[in-house]
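Using the sequences provided together with the hints, build the complete structure.
Each protein sequence line maps, in turn, to chains A and B.
Here the first sequence is numbered in my numbering, starting from 1 and rising by one per residue.
Here the second sequence is numbered in my numbering, starting from 1 and rising by one per residue.
These are computed hints drawn from the structure, not numbers from a lab.
Be aware that one or more of the hints could be misleading.
Since the list gives no way to pick one copy over another, a pair counts as held whenever it fits inside one copy or between any two copies.
[Stated by the list, open to error] Dumping the calculated SDA-like pairs for lysine to any residue here, alpha-carbon to alpha-carbon at most 25 Å:
hint	residue 1	residue 2
1	Lys-309	Gln-41
2	Lys-309	Glu-113
3	Lys-309	Leu-28
4	Lys-104	Tyr-154
5	Lys-104	Glu-150
6	Lys-104	Trp-12
Protein chains: 2
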Amino acid sequence: MRVNGIPYRSIWLDDDCWSVNIIDQTFLPHEFVIRSLKSMQEVAEAISTMRVRGAPLIGATAAYGVALAMRESADTGSLAAACAQLLETRPTAVNLRWALDRLKAALEPLPPEERCSVAYLMARDICDEDVDINNRIGEFGLRLIRGLWEQRRYDADVLHILTHCNAGWIATVDWGTALAPIYKAHDTGIPVHVWVDETRPRNQGAALTAWELQAHGVPHDVIVDNAGGHLMQHGLVDLCLTGTDRTARNGDVCNKIGTYLKALAAHDNDLPFYVCLPSPTIDWAMADGVAGIPIEERDAAEVTRVRGKTAGGEMATVQITPDGVRARNFAFDVTPARLLTGLITERGICPASEAGLESLFPEHGAGAT
Amino acid sequence: MRVNGIPYRSIWLDDDCWSVNIIDQTFLPHEFVIRSLKSMQEVAEAISTMRVRGAPLIGATAAYGVALAMRESADTGSLAAACAQLLETRPTAVNLRWALDRLKAALEPLPPEERCSVAYLMARDICDEDVDINNRIGEFGLRLIRGLWEQRRYDADVLHILTHCNAGWIATVDWGTALAPIYKAHDTGIPVHVWVDETRPRNQGAALTAWELQAHGVPHDVIVDNAGGHLMQHGLVDLCLTGTDRTARNGDVCNKIGTYLKALAAHDNDLPFYVCLPSPTIDWAMADGVAGIPIEERDAAEVTRVRGKTAGGEMATVQITPDGVRARNFAFDVTPARLLTGLITERGICPASEAGLESLFPEHGAGAT
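As structure tokens, then:
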């Protein structure tokens with residue numbers, strides 16, 4: 001997508017053809033900073049500190065991390081060590097494991113001298129595939145939005161879509177997952193308006209989704225995470241769209257903390273709630289998401305402190321709690337499949353269930369070998 | 001309750017016997033600032049800028065505002081003007097109207113020279129009644145907590161209670177509403193632990209509830225508003241307790257934005273959700289809370305900016321959104337009575353319904369004259 005009129009992806013090779021450029025998302029929305037990663041360690045740091053985030057982009061970045069590791073040392077021990085270290089950077093994103101497993105399986109049988117160049121090619125393929133997948137998700141989501149617009153329930157002039165966290169183009173390589181249908185709807189002239197959940201504690205909605213939508217010109221309002229229920233209760237939401245970090249085989253969706261609360265509100269108000277997911281976020285080995293997906297717990301300081309721009313234009317962090325307070329910081333929750341209207345994948349829309357997913361991905365079905 | 005070992009109420013007369021002292025809550029939790037209000041205008045400013053907040057305390061403060069107005073001019077026009085101006089300070093708190101109507105009705109028939117002293121006496125009575133009411137709510141809530149502790153479902157060592165916003169002693173004259181049972185349970189040796197919802201946008205949980213609980217020594221953890229659903233889903237909550245700003249005749253509860261989402265999660269996980277309410281917060285004229293209660297919309301800057309303490313100890317406000325972003329700020333939502341387990345009042349606990357409320361307050365029943 002475009003930033004100041006210039007088309008960007010969220011990750012690309014530098015002019016030297018080996019350094020990996022990213023948009024450092026910890027500076028957004030106040031500064032647009034490009035950072036050049038030159039080692040696997042820098043990639044691991046960028047993922048764990050969330051300079052890059054979003055399940056699809058994490059997978060793509062980790063793939064380049066393997067390539068950078070192979071550039072330094074391509075022996076089998078280095079390959080295993082790189083994959084192990086990168087896998088530890090974020091425990092939830094299933095794309096991370098998917099990308100690393102894919103590279104490891106392909107590189108291990110190769111002679112070491114071929115591993116580096118193949119890793120770069122595979123990382124590029126993972127990026128291109130992600131863009132293609134998100135483009136398809138956008139097209140299927142656009143059909144859904146067009147249908148809702150034609151039979152609009154509430155506002156005659158605008159279709160209101162609520163989203164949580166950032167599942168936009170900077171959470172992927174391009175297009176985004178939950179925002180892809182919104183961009184396409186906006187571009188085809190459907191008058192969408194987006195309610196942007198702030199998404200505490202890291203404010204990915206207030207900072208990143210608002211920045212993306214503003215840059216692309218999509219009408220939106222930022223709201224606190226507490227507000228969505230009220231909006232849904234009063235006919236101010238037509239559709240909820242989110243992404244997911246990990247989807248279980250049974251259709252349970254692990255996504256940013258608070259997604260479950262919004263799905264409950266949508267269900268209570270008989271509103272459609274769809275999750276947009278590239279198939280690499282499906283964890284086919286996870287039978288029951290609510291019971292089985294471990295929830296990453298992050299630093300309590302993300303809860304007690306907020307970072308932003310002062311009136312003087314400096315970046316500053318302020319503490320909102322009393323000194324010495326205790327806090328807990330659960331990063332994700334799992335929304336039970338029963339609360340979801342459907343899943344939007346690159347192969348179409350299906351019910352959030354094992355049967356639904358298998359209907360689109362029969363190669364992963366119980367009968368598949 | 002105590003601050004640094006000294007017992008306080010949240011509002012009291014200064015040594016001069018006419019100025020009204022408050023704890024300026026806009027400085028909490030970082031500074032404990034007492035402010036002396038010397039005119040009705042200062043009272044109105046203190047309520048509208050939320051130096052004092054919480055439905056019961058707003059009512060008590062407004063009553064002293066009338067007394068201060070009568071001190072300047074006690075004619076009937078001044079009385080009407082003072083009540084009208086004070087009523088406009090916050091649109092949601094039904095206690096505000098209740099206190100002002102009560103003073104106006106009592107003062108109007110009096111000769112002007114008696115109005116000031118009677119207003120001060122009535123304001124003091126309103127404060128004393130609030131303390132008595134909250135003490136009773138605390139006792140009824142304590143019985144409920146003791147019952148849950150004896151039959152504890154989850155953790156054998158701790159009873160986990162989730163609360164939203166601040167319904168503690170500084171939201172009232174003393175004790176608090178939702179926190180009164182918690183203080184009493186803690187004081188009687190029941191090992192309670194409180195999950196404190198941050199309560200964006202004004203962070204009353206992170207700032208005020210955490211400060212109160214810390215000062216009193218009640219174990220607690222601050223969490224983002226997004227986290228409650230996950231906690232309830234995983235057996236980490238035994239009970240939800242909140243206050244209310246306005247309760248409709250049918251048991252629908254208007255409270256801080258986000259309460260509805262927590263009630264949905266409690267309902268989905270079969271957990272008890274009780275609302276603590278002094279009867280002055282019941283709006284007997286409001287038949288249907290969800291349909292009828294207007295929702296106060298506040299300045300969008302409360303959403304886009306966060307105030308707190310910098311590492312250097314200065315207070316600062318930081319902007320978390322891109323420059324020029326649009327935001328909306330709905331201050332309350334209405335939780336339908338069907339999601340509530342019960343209402344804890346100064347006369348006991350009842351179902352959240354018209355019949356439930358009338359069983360405790362028959363003088364307001366359909367058959368009452």
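When the structure is checked against the list of hints, which entries are broken? Sort them ascending.
1, 2, 4 and 5
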